[in-house]
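Protein chains: 2
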Amino acid sequence: MSPTSPALSAATGPVLLGPGALTALRPATSAAIEGGFWHARREVNARASIPQGPSLLESAGNLHDLRLAAGTAEGDFRGDYPFMDSDVYKWLEAASWQIGQIGPGTEDGDSRRADLVRDVDRIIALVAEAQQPDGYLNTWFQVTKGGERYKDLRWGHELYCAGHLIQAAVAHHRATGGKDLLRVATRFADHIDTVFGPGKAIDGFDGHPEVETALVELYRETGERRYLDLAAYFVDRHGHGVIGGEAYCQDRVPLREAENVEGHAVRQLYLLAAAADLASETGEAELRAAGERLWQAMTATKTHLTGGVGAHHDKEDFGDPFELPNERAYCETCAAIASVQWSWRMALLTGEARYSDLIERTLFNGFLSGVSLDGESWLYVNPLQVRDGHTDPGGDHSARRTRWFRCACCPPNIMRLLASLEHYVASTDGAGLQIHQYATGRFSGEVGDAVVGVSAHTSYPAAGAVVLTVEESPGDRPWTLSLRIPEWSSRHTVRVDGEAADARLDNGWLRLEREWAPGQRIELELDMTPRLTRADPRVDAVRGCVAIERGPLVYCLEQADHPGGGLDDVVIDVTRPLTAEERPDLLGGVTTVSAAGRRRALPQTAHWWPYQGVGHGDTASAPGGDLALTAVPYYAWANREDGSMRVWLPTS
Amino acid sequence: MSPTSPALSAATGPVLLGPGALTALRPATSAAIEGGFWHARREVNARASIPQGPSLLESAGNLHDLRLAAGTAEGDFRGDYPFMDSDVYKWLEAASWQIGQIGPGTEDGDSRRADLVRDVDRIIALVAEAQQPDGYLNTWFQVTKGGERYKDLRWGHELYCAGHLIQAAVAHHRATGGKDLLRVATRFADHIDTVFGPGKAIDGFDGHPEVETALVELYRETGERRYLDLAAYFVDRHGHGVIGGEAYCQDRVPLREAENVEGHAVRQLYLLAAAADLASETGEAELRAAGERLWQAMTATKTHLTGGVGAHHDKEDFGDPFELPNERAYCETCAAIASVQWSWRMALLTGEARYSDLIERTLFNGFLSGVSLDGESWLYVNPLQVRDGHTDPGGDHSARRTRWFRCACCPPNIMRLLASLEHYVASTDGAGLQIHQYATGRFSGEVGDAVVGVSAHTSYPAAGAVVLTVEESPGDRPWTLSLRIPEWSSRHTVRVDGEAADARLDNGWLRLEREWAPGQRIELELDMTPRLTRADPRVDAVRGCVAIERGPLVYCLEQADHPGGGLDDVVIDVTRPLTAEERPDLLGGVTTVSAAGRRRALPQTAHWWPYQGVGHGDTASAPGGDLALTAVPYYAWANREDGSMRVWLPTS
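Residue numbers (this note's numbering), protein chains in the order written: chain A, 1 to 652; chain B, 1 to 652.
Treat identical chains as interchangeable: a pair holds within one or across any two.
Simulated crosslink set (BS3-like; lysine-lysine; CA at most 30 Å straight-line):
| # | residue 1 | residue 2 |
| --- | --- | --- |
| 1 | 200 | 145 |
| 2 | 315 | 151 |
| 3 | 145 | 315 |
| 4 | 151 | 200 |
Since the hints were made in silico from the structure, they are not lab data.
Note that the coordinates shown come from a computational prediction; the quantities given were computed from them, not determined experimentally.
Chain A on its own, in the form it takes in the complex:
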C-alpha cells in the first residue's frame, strides 16, 4: 500500500490524519448520515441525550467542581473520582460534533444549534477559568489535594483528563472553528510537555491511557510535531514497570512484545488506539505488527459475540483467553467504544475489512445496548445473560438502566461516538471510495485530484438491500467503489444499473471498478435470513448453546416475551426453522426472530444436591412443554420491565 494524497482530506471528524500519514486509507472527505437506523438513533442522541448533559453535569457536581477550582464557588468537592472533569470534556466533545451536525436554515435547527452553542460556550468558560496559570487543570487535585500533582500516576487520572480535554478541544475546533477550548488544551499539553519526558521532572505516564491518542490528534490539528513525540514517549514507556508493573495500568509488558490484550480493557484499548495513531503517522512496522497481532488475539480469544470486551468485573479486566462468561460479562460500554476507536484506526492503517466487521458488530450490539431507546438511561456493564432469581446489586453495575452513574464515564462517551458516527462509515484511498458501514447518507472521497461521491439508501439492518447512487465522478478515469461484505454474510448479490455486476471479492471488500458516471445505481443485497451461531469449543461458558443472529444483530430472549416462567430452563430446537417478523410496534420498531423451543425437564427441586452420577436414574420432574421463543435484538434489551435475559440458548 502506498500513502494517499492528503489534498482533499476531510475537514472534520476524529482521526483526521496528518499530511505525512502512511496509511492504506484516509477518512472520507465528507460524510453525512441522513436517514435510516443510525439516523434515528442519532436523533435521540441529539434531541434527548446531549441536551440533558449540562443539567446532569450540574447535578452530579462536575460543573460545581470546576467553579470550586476557579474560586468562583464555595463548598465541598463533589463526586468520588479524580476524573470528574473528563465527563465534562466528553460531553463537550459530543456537543461539538453535534453542533457540526445540526443543519442550519430551519427554525428547529437554528434554535437547537443556538441552545447548544450557548451551553458549550458557557462550559468552556468554566473550564478556562478553572485552569491554573501554568496550564495545569484537574479540579480533584486542585480542590482536594492542595494542588498536589502527579504523585499518583497509577490512579490520579490527571493526564487521562488532559487527554479528554484535548479531544474535546480538537472536536470543537474541527466542528465549529472555535479556538477557546483549543487554547486551554494546548496550554495544558504544553505544561505536560515541560514536565514529562526523558530528562524532565517525571519519567512516567498516566495509569489510564487517553492522553496519548489525544496528543496525536493535537499534532494533527496544530501541526506541532512535539505533541506527536510526546505521545510516542508515553506509549513507549508502558510495559516497563515504570508505574508499578501491573497489567491493570498497562505496565506489565511492552506492546511490541505482548501476545494478547490484557488488564483493564478500556486502558488497553485506548493505548492501542494511540499505538495505531503512531504507526499511522510514523509508519513504524513493529508497532503496526503489534496492533495487528493483538487485534487478532483479542477478537479470536477475548471478544464476546456482541463485540463486548472485558470479562471481569474485578479490575475491569480482559480475563483469560476464551474466558467469556455470560452473566458476568463486564463488557463496559466504554470498552466497546474504545474497541471501535482502535479498530477504525487499524482499518485506516491497513485497509482491511475485518476491522470494520468488528466495528459493525460492536456498534449494533455491545455498544448500542449501553443507551436506552429513549436516550435517557444507560448501562455501564452489558451482560449476555440475566438469570432467573437475579438479585440486582444496584449502582453503576446494575443490569437495570440507570439515569446517571457515580462513575459516569459511559454516557458522554456514547454521546460523542453517536455524534461523530458518520466518520466511521466511509473512507478513501486516492483510487476510490470504501463503504465500511451501511447507512443512508452521502459519502465522498478522492481520486487523484477529483472528488467522487455516492449517496446510500437502506433500511439496514431491518432489510439487507442497500442502494448506492453515484453522485460525483470525474468521468474521465476509472475508480473503485469498495463495499464491505460483512463476515456474517454467507450470500450476497450486487447489480449495477439493474444488471448483475462483475465484481471481485477481495478479502472482505467487493471491488467495483468502473468509469462511473453520476446517476449510476449500485444495488447490494445481503441475505438477512436469521441464523444460528455457535462458538469455538474453548468458550466453555456457551458449550452446547447457540445464539440467534440476523444480519449484524445479535438477538436475545427477554422474559417479557415469555410470560409464565423464567428463561433458565429454556431449550431451543435447532432442527426447526427460524422466522423473522417486522414488529413496528415493539421496542421502537424491531424485527423479531421466532424459534421453536421447550421448557426442559428439571431435576426434582426437593433434592438438595444439584450434582448427580452420570447414568444414575433420572430424577427429573415431568417434562416441560413446548414453548415458542421470541428473540429481540440485543441492543434493545432492558427497555421493558425487569426480568431475565439470555443470548446463548442451550440446544438440549
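Here the structure of chain A is known, so what remains is to put chain B in place on it, guided by the hints.
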C-alpha cells in the same frame, strides 16, 4: 426429636451447647483423631502452620499494631484493614485448640506444647495491654482514628474483631482452663452490651457478622444469659436497612423472610451459624425453618461441586442461583470454613445426615485446597479451572499459593478448623453415638447416664473400609450406633463381627441398634469406584461436561500430568472406564484416576472470529490425538509448577 440430656456433654471443642439447648444431637462427649488422612493433615497444621503464626503476625504488623495501641511501641500502623486484630485472635484460637491436642508425656510433645503455651501467653498479654479501660479493643480505630468508635458499622469490623476475640477466649478456656483471655473478651463483650441494643446508644450491628455466634459461645461458656440475648438482638436487627440495606452487609432482607442465601458469602454464613446457635439454644421454630430453607437453597443452587461457595470476586458475593463459574469461582477458603461451621450447627440442631454430607464434601475439597501440602502457603480463592494462557493477577486472589495475604483472614481460619476438627466427627443423642465423618480415632457419647464409645480405623478416603470397635458400652441396654452413608455412595455393606448386619437406612443414617459389648467389631465398606458426575442443566458453566469423583474427593486435571499441551482442548471419553491407582510417591500420597480422552480438533487459529454459523463447513484443524488423562484430588492442586487446571471436563 427431643432435647437430649446435657449430663455428659463434651468438655471442650466448639459449639458446646448450653444446658437447655433444644437440639436433636449434642457434640460427642470425647473425640480424638489419631491416625489416617486427617491426622496427617493435622500434624502438618500442628508442626508447620501453627508454629509459624507468631512470626508471620509479627512480620505482617499485627503484633506491632497491638503494641502501638498499648503504647509500648512507636511507629505507623501496619496493614490495610480495620480487622488486623482478627488474624491474631484466629491464630490464638487455633493455638489454643492445638494446646489441648498435643499429647503430654513425650519429650517431643512436652517441648512443642511448652513452646506453644509460651507464644500464646505472650500474645494474650499483648492483647490485654492493648485493651482500653472500658473494655473496647480495636487497634485500627485506637491508633489511626483517634479512638473514634462505631462510626462505620458497615466497614469498621469492630464487633467482628470482638467476635473472634471471644471465640479465641472460649477456645483458650475450654482447651487449657486459662482465664486471661476470657477476662479480656468478657470485658469487651460487657462493653458492647452497654453500647448496643434497644434503648442504648446504638441500635445497629456490625456489617460483618461474627460477634453473634461468638456471643452464643460466650453464653455457653459463662452461663450469662445476657450474651445470648445480645446475640439474638444482633441477629434480629439484620435485614431491616439498619446499616444501609445492602445484601453485602446482610441488611437487605431479614433471615426469617429470605428465600436464598445472598451477599458476601462469609458474612451470610457466619450470620446463619449464629441463627442456628440461637435456634439451638431457644428452640425457635421460625429461625430453624429459615436455616433449613436457606441451607437447601444454598446447596441446591449456589454451591460448587467442591463445596465451595461464593461465585463473585466482586463483593465476594454468592451470585445468582445456578451461577457457578469455574475459572472465576471465588470460593473463598473462609467461606468453606463458615459453611462447615453452619452445617455442623444445623446437623446438631436437626440430626439430619445431609448437613454432614456437605461438611465432608467441603472439608475434603473446597476447604482443604486452601492450604498447601507442606502447610506453609495458602489459597484465598479456590477456582475450579485455570485456563491455558492464564495471566495471574498476583496478590491475595492469585491462583498460585501465597505465603501470607495482605488480607490474611484465611490462613489462621484454616488453622483453627484443622486444630478442632475432631469435634466435627461424632455426636451423641442420649440414645447412642453418631459417626458423621470417617477418621481413625476414638469417639464417645452417652446413653442415659452411661458412656458409650468406639474406636475407628480407616485409610479413608484412600480406601472405603472403616472398622469400628466398641470400646465402651454399659452392657445392660441397647443403644444405636449410627453411621452416615454419604450422599455420594451408591453401594455399601456393613458387617458386625464378621456377619452381614441387619441395619436400616434412615435418611442417610445407617442405624445399628444392639446391646453392644466392648470388642464388637463393625465393618463398613463404601464402594470407592471412581465415578463421573454431571450437574443440574441450569448450571450453564458446566453444560456438556462431567467431573471425576472418587469417594468424597473431587478430582481435577493438572497441566503437570499432561505434558505437551494445555487443558483447554481436552475431551474425556465417557464410554471408557475409569481406573484408580495408588500413587504413594505423588503429592504426599494420593490415588489418581485415569480416564481416556483426546485433544479436540480446534478451529483454525488463523481465523479472527471464534463464532461460526451452525452447519457451516467445519474449519477445524486436523483432529487432535488420543490422550490419557490423569486426574488428581482437587485438594492437592497447585502444589507443583504453575499451569492450567480443570475440574469439569467436556465430553465432546
